[in-house]
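Using the sequences and the hints given, assemble the complete structure.
There are 2 protein chains.
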Amino acid sequence: MTENKQDSLKKPLSRREMLKLTGVAGLGLLIGGGGAGGLMALGRKGSSVAAVEPAAADKGLPFYGKHQAGIITPAQDFICFAAFDVTAGSVEELRRLFRDWTAASAAMASGQMIGEHNTTLNTPPTDTGEAAGLTPSRTTLTFGVGPSLFDGRFGLKGPKPRGLRDLPAFAGDALDPKWCGGDLCVQVCADDMQVAFHAIRNLARIARGHAVLRWTQEGFQRTGRADPAGGTPRNLLGFKDGTGNPDTMDAVLMDQTVWAQPSDGPGWMAGGSYMAVRRVRMRVEVWDRSTLKDQEATFGRHRDSGAPIGSRGEFDPVDLQARSTDGQPLIPATSHLRLAKGDGSQLILRRSYSYSSGLDAKTGQLDAGLLFISYQRDLDKQFIPIQTRLAKSDKLNEYTVHVGSAVFACFPGCKQGGYIGETLF
Amino acid sequence: MTENKQDSLKKPLSRREMLKLTGVAGLGLLIGGGGAGGLMALGRKGSSVAAVEPAAADKGLPFYGKHQAGIITPAQDFICFAAFDVTAGSVEELRRLFRDWTAASAAMASGQMIGEHNTTLNTPPTDTGEAAGLTPSRTTLTFGVGPSLFDGRFGLKGPKPRGLRDLPAFAGDALDPKWCGGDLCVQVCADDMQVAFHAIRNLARIARGHAVLRWTQEGFQRTGRADPAGGTPRNLLGFKDGTGNPDTMDAVLMDQTVWAQPSDGPGWMAGGSYMAVRRVRMRVEVWDRSTLKDQEATFGRHRDSGAPIGSRGEFDPVDLQARSTDGQPLIPATSHLRLAKGDGSQLILRRSYSYSSGLDAKTGQLDAGLLFISYQRDLDKQFIPIQTRLAKSDKLNEYTVHVGSAVFACFPGCKQGGYIGETLF
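The listed protein sequences derive, respectively, from chains Z and R. Those letters in the first sequence? Residues 1 to 425, per the UniProt record's numbering, in order. Those letters in the second sequence? Residues 1 to 425, per the UniProt record's numbering, in order.
Keep in mind that the hints were calculated from the coordinates and are not lab data. Incorrect hints may appear among the rest.
Treat identical chains as interchangeable: a pair holds within one or across any two.
As the list claims (entries may be wrong) - With a Cα cut of at most 20 angstroms, we get these calculated SDA-like pairs of lysine to any residue:
no., residue 1, residue 2
1, K160, T388
2, K395, L121
3, K362, R205
4, K293, T120
Spelled out as structure tokens, the structure:
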């Protein structure tokens, strides 16, 4: 394909349209080129590439909007999470990076190839190609900035949010710096792992010279295909995770619990949300030796139904006062459910994924667990008090260890023509 | 649920039936128990657990048969691969392990819970539960034994196959022991990552005291959902991988290339296949800086169509004699395609998956690449000569490094009532 041909295209190519064109271009090269008319005529005869369009339902999720996608968006099947350290020397450079990231992200969310000159032979492709031909797969890309970005290196337009600082040391933390912190983060979620990987890899590539990867973590839930009824996903301890989440369809509740409000300050975060991320390793081998009774007492829920102990349905109201015939609380004092719930005044939106990352080098046991992610309006008032209670008393701590930790201020969304981060940079 | 109730069940529970029963059992505990009749009456009123049955199409793939599933089975979306070291002291113990593994594998392949007493409260659950409610997801579990199992520790019924030995050192190998070898292996493939993880984790659990995990690797392809047309998957360098595979529907060809024949010896391997597995890290950052022309010359194929250079369709015949107008071979001498093909006499069945495992600790770059797996009737005549050529001259070596390696003799299949490995143990 010549640049002339490419330049004549007025709109971006979808990952499927590109395939059809370049299938023809390959032949064009063989027969020594030729006019576009000739190429198109050959194209109509068909190519080896199936011309199946993406399923009608899969046009991708909107990238632009008041809020960033990927926060109250129903969780996709996979995550690729990346934290970056900035190497850029100026806020102008950061601004350029976020403009480029925004353009690439909007393209990827709608299943388009990145860049306009994918098929120029004598330059590196602008898109690395491993997602070519794949549907948008509900891809969302969610960007945030960590506390360290406000260390004075950049003359940022907005101030550091009051609550944006490294989390306090919680009891039992066993943090490894290789899974902690970051100046920037991107949470990519998609219903396809290859599509999610493609996004992180291309964002890292675009960042070259301006930011470097600090840590990454892949994760998964059960796929929608394996669970057509769409129940609450189970974590790797076999229990449902996310039952108590606030209703993301309740806009008032989301304003109260997830979205930073203008009155919260700083202004650049209005419509954004604060993310807490924890890499929680599960000692699955130890867990697997515990009895079902102990396991249910640990979570405060029945394993199979997900119901609070003593109740029947997963979404039955949690009655913390209920007692068994011997006078003991049905939902034990040290259970995860009771401690996470507290007096019910602190809500967070959990959006976690399981991970499995081979074997732990030190113990030879499975390095598997939960990439815990929560969004909240205020870390100090929501995540931190909850995690303080859990770290102190949660029976689940016998089976888990927190090895990674970071917080990020995730920007509000932006309109087409704008860019993510424009309120700050 | 009481054991009486459990014992009255004549057939194994599917992962979805179990959910319905235990949703009721939770309530049974609350109201102080009661007869099965009472429980069932409550059950009919419905529970919070959706009673949706798995999609009719997803009854699972057969586990039993002449050959093990997972070899010529069309590749599923995900893999969890595990190599084990045996700690058992006798062949009787190995036999018992494989009997237990076989029963558990047959259950998991058909979407059933492992074991008969899942819901006894005072013992650890026999199934770890994270796949409860999920469909079988085309799960296959494929078992093999490595050369080290024949080191004299066990009085095995059959001899070590002539060709079952560690692969020779290939040019450029940078093997790390942590991704090499193993007395046993299990390749679990499924269309759901959580289902695949569940299988490896439960097999490791069943093996406790008899075998320990040596290394594991998770992998993925694009999902079927993101590629409804089902084209050849792309690797993380953006090129299609597996185009030249032999036709698995051609039974004669499979006997010639994949299945060990009785005349090959030893008898216990007849109907089995030899697996080569290589963890191939891709230097994606370096690759991403190379031009499309270089990339296509490296593979010998057009990136977008997958066609051999100079051809149009992915499956067009590969013409190694074709030359451009300047007399150079269209498919370069050092291209992966030309070297892998050789004179065409050596065929292997590739069944590889991409992997992404965070960042490499040494370089800070993405630890991503290919979990290369191939099946063949004879390693000496098929994989080894191909890999020797590739290791010596493949232009792709500029962008890849082999960091893990193992070979396994994968058993023939078995009938219901028998067990995998019965021909050897």
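Results of checking the hints against the structure:
no., hint, in the structure
1, K160 / T388, "neither (24 angstroms within a copy, 57 angstroms between copies)"
2, K395 / L121, "between (59 angstroms within a copy, 18 angstroms between copies)"
3, K362 / R205, "between (32 angstroms within a copy, 19 angstroms between copies)"
4, K293 / T120, "between (63 angstroms within a copy, 8 angstroms between copies)"
Hint 1 from the list above is the single one not met by this structure.
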